[in-house]
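Student: Each chain is listed here by its residues.
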Amino acid sequence: MTRYIIQRLIYMVITMFLIATLTFFLMKFLPGTPLSAADKLSEEQQAVVLEKYGLNDPVPVQYFNYMTNLVQGDLGISFQFDNREVTTIIMERIGPSMQLGVQAMFIGTIIGILLGLTSAIYHNGMLDYSSTFLAVLGQSIPSFVFAGLLQFFIGVKLGWLPVALWEGWEYSILPTISLAIFPIAIAARFMRTEMLEVMGSDYIVTARAKGVNKFGVVFKHGFRNALIPLITVLGPLAVGLMTGTLVIENIFAVPGIGEQFVKAINMNDFPIIMGTTLLIAFLFIFIILVIDLLYGVIDPRIRLAEGE
Amino acid sequence: MKKTNWLLLVLALVLSMFLAACSGGSDDTSNSTDDAETEDTSSEDDAAAGDSEQVLNITDSAEIPTMDASLATDAVAFQWLGSTTDGLYRLGENAQPEPGIAKDHEVSEDGLTWTFNLREDAVWSNGDPVTANDFVFAWQRAVNPDTGSEYGPYMMGGIIKNAQAIVDGEVPVEELGVKAEDDHTLVVELEKPVPYFESLTTFGTFLPMNQAFVEEHGDQYALEADTLLSNGPFVLTEWNHGEGWTLEKNEDYWDAENVKLEKINVKVVKETSTAVNLYDTGEIDRAGLSAEFVDQYRTSDDFVIDEEPTLFYLKMNQENEVLANVNARKAIQMVIDRQAMVDVILNNGSIPSAGHIPQNFTKHPETEEDFRELNGDLIETNVEKAQELWAKAKEELGQDEIELGYLGGDTEVALNMDAYIKDQLEQLEGLTVKVQSVPFKERLARDEAMDYDIQNSGWGPDYIDPNTFLNMFVTDGGNNKTGYSSEEYDGLIEKANTELAQKPVERFETFLEAEKMLIQEDAVLAPLYQRAKARLWKPYVKGVIAQPMGPDFTYKYAYIEGK
Amino acid sequence: MDNQKPSKDLFVPVETKETEIDKISRPSLSFWQDSFIRLRKNIGAMIGLAVLVVLALLAAFGPYMTEYGQYEQDLSRAKMPPKVEGLGWLGMDGMLSDVQSADTVEQAKTKAMMRFNNQEEYITTEVLNDGSNGEAAEVKATYDVYAAKNMDENFWFGTDGLGRDQWTRTWMGTRVSLYIAFLAAAIDMLIGVAYGGISAYYGGRVDNYMQRFIEILVGIPNLVLIILMILILEPGIMSITIALAISGWISMARIVRGQILKLKNQEFVLASRTLGAKDSRILQKHLIPNTLGLIIINTMFSIPSAIFFEAFLSFIGLGLPTPMASLGTLIDAGFDSLQIYPHILLFPAIIISLIMIAFNVLADGLRDAFDPKMRE
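Keeping their order, the protein sequence lines are chains A, B and C. Just so we're aligned, residue 1 is where the first sequence starts under UniProt numbering, counting upward by one. Just so we're aligned, residue 1 is where the second sequence starts under UniProt numbering, counting upward by one. Just so we're aligned, residue 1 is where the third sequence starts under UniProt numbering, counting upward by one.
Everything labelled a hint here was simulated from the structure, so no lab data went into it. Note that CB positions come from ideal geometry on N, CA and C, so glycine has one too.
Here are the simulated distance ranges between beta carbons: (1) A:Ser130 <-> B:Ala75: 50 to 56 angstroms; (2) B:Glu224 <-> A:Gly159: 34 to 40 angstroms; (3) A:Gly159 <-> C:Leu87: 33 to 39 angstroms; (4) C:Glu120 <-> A:Ser130: 47 to 53 angstroms; (5) A:Lys157 <-> B:Gly460: 35 to 41 angstroms; (6) B:Ala75 <-> A:Tyr4: 51 to 57 angstroms; (7) B:Glu384 <-> A:Phe25: 52 to 58 angstroms; (8) C:Ser30 <-> A:Leu30: 50 to 56 angstroms; (9) A:Tyr4 <-> C:Asp279: 20 to 26 angstroms.
Rough simulated footprint, nothing fancy, chain B against chain C, three-plus residues with beta-carbon under 8 angstroms: (10) 108-118; (11) 327-338.
Excised from the complex, chain A in its bound form:
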């Protein structure tokens, strides 16, 4: 097991290295420079600005410098916010996004699993239909429409919760709910499908025949088996939510990373695009590793590593 983890960690470094290299050269293909209004600058001045960002060197040298700095945790300085370090900017912005993402995943998974379990236990009953309907609905309404409605009715009309902004925990409730809708729907649907499948399998039937009650079977045997596909989907989804969703962040005026990323793309702010890309990539790879390890924990029949 340990050998396997070490092996995976080494692969992780290699993958990150490849992603960093790939994005670096992709960025070099994109047009645009840190000069927002180049026409206003003389040649000399343009040279100075390019120098400041190290863009005067030949591309291989730039690449070497970038990688060396990257290893030391230095992602360079932003094009759009003069002199501000990309690392600082990302750190400032990642907090709210992470908080919203974790909260939404937490709530989403729990509610989703409960809905899915209810559906599976009362298969083809009223409860099944209504919870399936809820899940389908949650998945069918675009999140920004839902967010807009929540904001208008709960925030403005009823005045129960803050409309927008980011000044305390209660400000995170509406965006969390808006974000949680999708994980709820996904978790509920996957849970239902898997549980129905598991419940039909021989060992469950045996357990039932031996007199274990319905709920006992569900929790002891079914649940664990249904987790495999669930974590496979929810893992990457969690990364997606934690690294920010532009639309929700915009509607609730949350100072998160998603909005920052899109703006960086619009502004050709390559250092921020690269920094955020690497962060997202790292989280994805890390989560995938965790999921692969969890496979073995949840279902001992699964063997991943070679020779084990």
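Position chains B and C against the provided structure of chain A, taking the given hints into account.
Tutor: Frame of chain A, contents of chains B and C only:
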């Protein structure tokens, strides 16, 4: 094995509990802020009994990109620089410059030397006095090639003596035509007489900087609230980059007695609907409105329309064979129904423009008549005539089917408007318009490379003078980028800025002539509209002055009454 | 437990003739026939299928049912509310209404009139609250837009901000969204299933390399990819297609892999292998059918993600070029007028939701139909 596996699972669970606890932790801290808030509101209640609390809550659509005056390039930066820093002059009511750090000034007879007498009671927020050297330092820094300023060379080049040469690296920075005669006398030498120089000194790039402080902080200068100095009405006390910032009254400000507002809270809010909802719940005191919301709030008492001297127009690239034809350009000018466009699509008080100088911007120096009124409508909407001109153009070109690219913005309004303009242009027989919607910066880049056929573009003034609009289109002008080149037009602009520089009436009339030539004869641009902004303002906010250039608003004289 | 022993009388041997031992009592059905029969019995799934067919037909023919083109503008008829003869009770009566409040009834009335440009002959007002009880006076004004603009034709879904017919645009948009939906499903089915299946089944080194490749793909955000596409091609349906093709199948591949990892060491697979089945047979006959439920469910999830991905791209200005319509761009454009002209948002939103719900119900039916364990 099985046990350790379960341990791992438990560990994962504990981890998630921990995460939950983390958010619980922030719950606690937020409770404390919550308490602070309730305290706030209670004091607010107390205040309401007597005077209203002098706090203004507003939003901005983007975070401040920089607070370094030499590096600032956009409206948000200039807004908050202007609120925290006084330059030689500042923009007051009716866009008239009023004394800032300068008490008054003398201009030499040839108009080339300006001597500013600075006030002695102005201090920086760290206690240092504001001296003439602060201006010398800041201006030298702005043109110094090592700073990498974009606006420095643009605003000062060709105006302040030696600025362009310094920018080009030909002479050392010390040669810039600005000297501190003593601590409170600043002497500026110009390349040529610049009648609007007083207005120019209110612009952000001309703000002073405290040399010792800037050098002490080096790279870190103006990155955070505590690496900033203020000498103006407000101090930036808190700066949470993506979220918002807080300004508080500067008690050491030389004119502190005229500043009534104690605090300005600014939040970054991008969605119009979010801002409107915040406004409706009373969280903020101002909200900008889009066309849809104007319908809803037009009857509200809070509804205000602020006219701006910002013009929008279609730029036509004359390197394109079709657009090189003057009849084709005239047809494009005439075919668009601009009235319907401002009424329905913009719906915010914008007015159709028919020239390249906005209305209520400059007046004739003697008769006081508005520039726009004097020159009148230089184009009309006339589809039939447009068709005739277009047919003529097609004949001259020998083409029947014509396809033109159209470069537009990517905002909701821009998308709508560009779809409309495409439809209007395609009334011209045989014309197909292909719209490309790109982000603002991308559009600037393509403009720079002249990589477009037709472009929806806008321009706001940098100073109050027709020159800011008209000198754009001289041959090879930095912002021309249409390929337009007319010796006659160049001659008019050159004349206005040199031999007529000190003859205001003739100069003004030369500009009138130049505008006619630009729009009517040569049809370089197809004017669209002059922008206005529809906003909701809480009636208890008083004394905020909307500005045509530089900062959007002056908050120095703002106050809250009757909240 | 004191179970009574059943009496032996209950067990009577079936009388079978020697010749009938090998007789199969039910007709032999292939996997697909059997699935189809079961699908037909599932009412929900059939309704879902019917809704999809109707939507597809409307997408195909709807735009030709009115005389307006999808790009045909007329600002004088901008933002017209929907009007259908006989559906007035549904709110599709071509009226706009608004409630204005002020200190007195008169003021409120003036405001209400002003709200609709003072075209008095077309406005009816109704006092909701005369303000006598100390509250603000409220007046509701109803404005007959069609009469005021002297329109004879009706816009069934109303018009948008440029006076374009929403009916035509909505169905044109549905075409685009359905195309994206089928594209996403196809990519998932073809690339995702194959990739995940191969990776998990062969395992070891193959799995390792294939998964590292996925990590690299996942690591580069979609947005960066699409920007590259836009630089190479032009913004439009082609660049969205390619961006989806590059990254749309990854989640499916991972799910299939997870499931097959779980299945491949189970007894029935082992048994089949011991009996000499080839890899392709084991994949096709055992592993894929047992994963089918998940595959279908996940496909149904990638369809909304793909449709919303397109909407998101429109939202940040990288989607379809104006004036083309997709349900995403229509919803996006309607979002700003949600509070005042809800019809601009409403119809595209209802249709996008209908598409999703129909796909989901159908998917559930398919899952049940394909599940070998549910076979009767």
